[in-house]
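**Q** Below are the chains, spelled out letter by letter.
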Amino acid sequence: MADQLSEAGLLLAVGMVVVFAFLTLLIGGIKSIEAFVRAFPSKEEQANNNKNKTQAKAATEINPDIVAAISTAVHVHRHTTR
Amino acid sequence: MADQLSEAGLLLAVGMVVVFAFLTLLIGGIKSIEAFVRAFPSKEEQANNNKNKTQAKAATEINPDIVAAISTAVHVHRHTTR
Amino acid sequence: MADQLSEAGLLLAVGMVVVFAFLTLLIGGIKSIEAFVRAFPSKEEQANNNKNKTQAKAATEINPDIVAAISTAVHVHRHTTR
Amino acid sequence: MDKLMTLWQSTALPHFEIGQVIMMLVGCVLLYLAIVKKFEPLLLIPIGFGALLTNIPLAGFSEEGGLLYYVYHVGIDTGVFPLLIFMGVGAMTDFSALIANPRMLLLGAAAQFGIFATLFGAIMLNAIPGFEFSLKDASAIAIIGGADGPTAIFLASKLAPELLGAIAVAAYSYMALVPIIQPPIMKALTSEEERKLPMAQLRIVSKKEKILFPMAVLMLTLIFLPSATPLVGMFCFGNLLKECGVVDRLSNTAQNELINTVTIFLGLAVGSKLSADKFLTVETLGILALGAVAFGIGTAAGVLMAKVMNKFSKDNINPLVGAAGVSAVPMAARVVNKVGLEANPHNFLLMHAMGPNVAGVLGSAVAAGILLALVG
Amino acid sequence: MDKLMTLWQSTALPHFEIGQVIMMLVGCVLLYLAIVKKFEPLLLIPIGFGALLTNIPLAGFSEEGGLLYYVYHVGIDTGVFPLLIFMGVGAMTDFSALIANPRMLLLGAAAQFGIFATLFGAIMLNAIPGFEFSLKDASAIAIIGGADGPTAIFLASKLAPELLGAIAVAAYSYMALVPIIQPPIMKALTSEEERKLPMAQLRIVSKKEKILFPMAVLMLTLIFLPSATPLVGMFCFGNLLKECGVVDRLSNTAQNELINTVTIFLGLAVGSKLSADKFLTVETLGILALGAVAFGIGTAAGVLMAKVMNKFSKDNINPLVGAAGVSAVPMAARVVNKVGLEANPHNFLLMHAMGPNVAGVLGSAVAAGILLALVG
Amino acid sequence: MDKLMTLWQSTALPHFEIGQVIMMLVGCVLLYLAIVKKFEPLLLIPIGFGALLTNIPLAGFSEEGGLLYYVYHVGIDTGVFPLLIFMGVGAMTDFSALIANPRMLLLGAAAQFGIFATLFGAIMLNAIPGFEFSLKDASAIAIIGGADGPTAIFLASKLAPELLGAIAVAAYSYMALVPIIQPPIMKALTSEEERKLPMAQLRIVSKKEKILFPMAVLMLTLIFLPSATPLVGMFCFGNLLKECGVVDRLSNTAQNELINTVTIFLGLAVGSKLSADKFLTVETLGILALGAVAFGIGTAAGVLMAKVMNKFSKDNINPLVGAAGVSAVPMAARVVNKVGLEANPHNFLLMHAMGPNVAGVLGSAVAAGILLALVG
Ligand code: NA
Ligand code: NA
Ligand code: NA
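Residue numbers (our numbering), protein chains in the order written: chain W, 1 to 82; chain U, 83 to 164; chain D, 165 to 246; chain B, 247 to 622; chain G, 623 to 998; chain L, 999 to 1374.
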C-alpha cells in the first residue's frame, strides 16, 4: 500500500501540474486569439469597435446586451442535460 | 393433436384467470393510489378540493375541463403511431 | 492496360446506352402516369381542370402559384443537406 | 456481347419468379390501402415498401450485407424496436380515463379472450392437412387478437420468427379494419336501449395519481409477471417520462423523433419478411383467418363482459365500451363513440371508451407475458 | 521522473509524423472553406473535424475501440449511412419540375457521360508510373463526375474503400465549386442568343402524379437495374413518404433529425479516412484531377445534349439547363439561373433547371448501379 | 396443476432476493429525488427506472438478449454514449464568459485538486479491511470530484466498469446536491466583505473568437494530451457546430433530439448496472464517501485559488466564483450567484461564475485524460 500511496502522491503532483500547465497554455491561446482578432478585424467588427468607443462612457451603466446575454445563458443552461 | 388441444384448453383457462387476476389487482392498486393521494394531498390539491366542493352542484352540467380533455385526447390519439 | 482500356471503352458505351435507355423508359413512365391521371381524374382534379381551362388565357402572365412553387423550391433546397 | 449478357443477367427479368411478382403486388396493395384508404399508413407504407424492396431479385436488400438485413437483425431479432415503440406509445398515452374508472380494466381483460380462444382454434386448424402450427406458432398467431402491433411483433420475433411477416401484416390490417369488423358484432350483441345508455361523467384525475399509476403497473408486473416486463416496463417508462413533468425534453423525443425513426425501420424490416417463400403459403391464409376470428371473439367478449358489469353496477355501463377493450388505440374508442352516437346523438362515449381501450393495451401485453412464460 | 517520462511519451509531440501534420492542415483548410467560404458546410465541417481527430497520434479515434472506428464500421462499411441520407434527400426533393417536363431526363442522362468518360481517363492515367488504378478503383473515382456525395460514398465503400476519403472529399469539394467550375464551360459552349432563350411555363403537376412517380422509378429500377435499387429504392421511399401526404411525421423525421444525425456521423467517419498514409499519395492527386475532368465533361455533355434537343424540339430548350444535369442539387440549378440572368435579366431558369437537376440524381444513381453490376 | 406450478415459478415471488428488493427501493428513491425534489431528473429518472428493471428476477433486462444488455454494450462499453452527450453539451455551451476573462481557467484548474486528492484518499481507504481499490478503481472514483456526469461515466467505463453504476449515481447525486454541499464550504472560507466584492463587467466577445476558441482547445489537447481528445474533441466539435453559424440544423439536432435520445439510453444503461451484487457492497459506501470528499475539496480549492488570485489581480475577483470551478454546469454558477446575492443584493455574479464553471468542464476532461494516460 505504501507503494500505491507514493504513486497516488506522485499522481496528485503530476496531475495538478499538468492541469495548471494545460489551462495556463489555454489562457495564452485565448489571449492570442483576441490579439489575432483585434489585428485582423472583419469589416463588421471595425464598425462595432467604433460604435463601442462612442458608447464606452455609457457602459458603466447596466448594458442591455449583457442583460440579454445573461437571461439567454440562464435559459439555455436550465435546459442543459446535465 | 389431442395433447396439444388439451394444452391449448389449459392455456385458455390459466391465461384468462391470470389476466383477470392481474388486472383486478391493478384495480386495487389504482384505488389504493386514489386513497393514498386523498389521504396525503399536496397543498394545491387541497385548494383544488375546496374549489371542487363548491363547484359540485354545477358539475352536472358539461364541464369545460372535460371537454378540453376530450378534445386534447382526441388530438393526441389522432397523432398516435399505431 | 490495353485490355483494361478496351474494357473501359466497352463500359463507356454500354453505360451510356443503359443510362439513356433507362431514363427514356422513365420518360415513357411519366407520360403514362400523366395519361392515367388524366383518364381517371379524382373529383377534385376534375374541378381543378375546369378551373384551369377558364384560367388558361390568363396563364401567359406570371402565375402566382408558380412563383410560390419557385420560392418554396428554393427554400427547400437551401435546406438540403448535400 | 459479353458485357451485354452480364447486363441482361443483372436485370431482374431472367430471375423473376411468379411468387415474387405476387408479393410485389401484395406490397402495392398495402401501399394502396395505406395511401388511398388511409389504413394505418404509418406502418403499412414502410411495410408495403419493404415488401417491394425485399422481393427484387438480385437487389439483396434482405440478404447479408443489405440494409434490411441489418435493420432486421439489429431491431427485430433483438426485440429492440417493438420495445422502443412501446416506450413512445407510453409517452403518448393518457391514462386519466382509466384511473378515473378503474373497473374498465375488466373490459380490457375480457377482450383478451380473443387471444386465448384463438390459440385453441389454431391447434384445431392442424386437423386440416397442410397446417402444422406448433404451440409457439399458435401463440404468436393468437396475439393478433390483442389488436396491438408492437406486442404482436415482439411476441412473434420471440416465438415464431418465420411467421413474423404474416402476423404483423394481419395485426396492422385488422387494426385498420376495426371500423368495419367491430360495428356488426357490437350491434348484434346489444339492444338499441343498451346502446343508448349514457354514462356518468368521469372525475378529474390528479397529477400525482397519473405519476403513481405507471409505477403501480410496473410493480405488479415485475412481481407477478416478470416475463411481461420488457413490454410493460418500457410502456410504463414512457408514460412516467410523460407524466412526471420534469423531463419534457425526453418525453417529447420519445414520442416524436425516436418513435418516428423506429417506425420507419420497423416497418421496412417487417416488410422485408414478406418474401414469397415465407408469405405465399397456406399458413398465411390460416393466420389471416385466425386473426379475424381472434378479433371478433375479443370484441364480443368485451361487449358481453360490459353487459354483465352493467347488470351488477350501480352506475350505468354502456355495453358498447366493452368493444374498445381489444385496444387498437384510438380507433376502437372512436368506433364505440360513433356507434353510440347512431343510437343516441347526445351520448358521447369517447372518453368512457378510452378507459377500456388503454386497458386493452395492458391486457394484451399481460397476455403476451403469460404466453412467453408458459409457451416460450 | 518515471511519471514525467510516461507523460511526455503520452503527449503527441514525440509521435507526430510530418504526414499527420499535413493532414491536420488539410482538415483545417476544409473547415476554413466550410465556415468562411460556406462550401458545403454540412458535410465539410464534420469531414474536416474528423480529419483532425483521426490524425492525432495516440488518440486512437479510428483504431479499434475508438468512436470513429465504430461509426465507420456501422455506417459506411455497411453502406447504411449513404442510404439513409438518400432517403432523407428523397423526402426533401420535389419532382414537379421533372414530371411537368419529363424530357429533361435526357439531360440527366447525358451528364453521366462525365462518369463513363472518366473511367476511361482513370485507366489511361495508369500509363504514368505510380498510378495503378484497377477497374474498380476507376469506377469509384469516376462516380465523382455524378456530383452526388452519398452516391460517391456508397459506391466507393463497395468498390474501393481505401480510396473513400479522397473520393468523398473530391466529390463534396467539386459540388461546392460548381459556381466556379461550370460557368466558363457553359459560356464556351453556348452563344449569347442561346443563353437568352426563354422557356415555356411548366404545367401544374397533380398530387397523384407525384405519388405515382417514385413508384414508377422504383418499378423500372427493380426490373431493369436491381443493382441500383439500394440507392434508388431508399430515395423513392423518402419521396413517397413526402408525397403520399398521410405520414408527415415520418417524412419530417426523415428529412430533419434523421438525416442530420446521419450527416454528422457520416462526415466524421469520412474524415476518419483522411489519414496521412491513405491520403498523401500520388493517387489522391489523380483522383482530384480526374474528378475535375469528370465534372467538366459532365457539364459539357449536358449542355451539348440540350443544344441538340433544342434543335429537334418545338418548345425552346435553353442549353444552359443542360449543365444542371450533373445534379449537385440545388447548386447547379442556381448557377444555371444566374448565368441565364446575366444574358437576359428577365429570364428565370431556376424551375426549368430543377428538372435536369433532379434527373441528374437519378442518372448518377443509375450509373452507380450499372458500375456495381458490371464491375462490382 | 403443472401449468400453475410453471406459472408460480415464473412469477418473481419465489426468486426474489433481499438485495434485489433493496436495489429496487434505491431505484424508487432515485425516482423520488428526481421527480419530487427535481434532482437532475434528466438522468436520475432513467437511472432509477433502469435500476428497477434490472433487479427484476427473470425479466432478463440486463442479461444477454435483453434490451439493457444491448444498450449497455453498444453505448457504454464502447464509450460512445458519454462522447455523444459531450458533443451535445458542447453544442449547448456558450464560452463567452470564459473568453472574456480567460484567467478564470485557473479556477477550473484549481478545482480539479478535488480529483487528485481523492485519489490519495481512495488508496488510504484500503487500510480499512474490506476495501481493495486498485489505482484504476481509485482514479475512476476520484473523477466524481470533477462534478461532470459524462466524464465520470466515460472514465469509469474504461478503468473500472464494475464500479460504473455506483460512480455514476454518486456523480449525478452530488451534482444535484451542489446547492446543499457548496454554500457552507464557500461561507466558511470567505469573509462577508469578500463575498460582497463586485466584479468588472465582461467585454463583448466576437463571433470569430468564439469560433476559434474550440479550435484552440482542440489543438492544445491533441498536441499535449491526446488521451483527453475523445472527450475534449467531441466537446469542441459540438461547440464548433454551434458557433460556426453555418450548420444550425446539425447543431440543433446535436443539442436536442440526439442528446435526448442518448440521455434516455445512457440513463437506462447506467441503471442496469445497479444490480444488488455490484451495488450493495462496502465499496459503494466508500465511493459515496470519497465522492463527497472530492466534491468538498474541489470546492474549497476553487475558492482558495480565487482568494489568491484576488490578492494578485488589479481587478476584483470575488472568491465565491472559485466554487463554480468544479463544473456541475450550470448549478454551481447559480449557487455562486445566490450566495453572492445574500451578501450583496445588487451583486449579480452569474455571468462571472459561468467562466470558471465551463472551465471546470474542460478541467475535469483534462484530468480524465491525465488519469487515462498515466493509470489506464
Ligand atoms: Na389488446
Ligand atoms: Na448526378
Ligand atoms: Na469539473
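One should not assume that every hint holds.
What the hints assert, rightly or not - Derived pair list, reagent style DSBU-like, types lysine-lysine, alpha-carbon separation capped at 30 Å:
| hint | chain 1 | residue 1 | chain 2 | residue 2 |
| --- | --- | --- | --- | --- |
| 1 | L | LYS1206 | U | LYS113 |
| 2 | L | LYS1035 | W | LYS31 |
| 3 | B | LYS442 | B | LYS560 |
| 4 | B | LYS453 | L | LYS1205 |
| 5 | G | LYS660 | L | LYS1035 |
| 6 | B | LYS456 | B | LYS553 |
| 7 | B | LYS284 | G | LYS818 |
| 8 | B | LYS442 | B | LYS584 |
| 9 | L | LYS1312 | L | LYS1205 |
| 10 | B | LYS524 | B | LYS442 |
| 11 | U | LYS113 | B | LYS453 |
| 12 | U | LYS113 | B | LYS553 |
| 13 | U | LYS113 | B | LYS560 |
| 14 | G | LYS660 | L | LYS1312 |
To be verified - Heads up, incomplete: computed chain B residues facing chain U, CB under 10 Å, no partners named:
| hint | residue |
| --- | --- |
| 15 | GLY367 |
| 16 | PHE470 |
| 17 | VAL539 |
| 18 | GLY542 |
| 19 | LEU587 |
| 20 | ASN590 |
| 21 | ASN593 |
Rather than coming from a laboratory, the hints here were simulated on the basis of the structure.
Beta carbons: idealized from backbone N, C-alpha and C, even for Gly.
**Q** Hint by hint, which ones does this structure get wrong, listed from lowest number up?
**A** 1, 2, 4, 5, 7, 10, 14, 17, 18, 19, 20, 21
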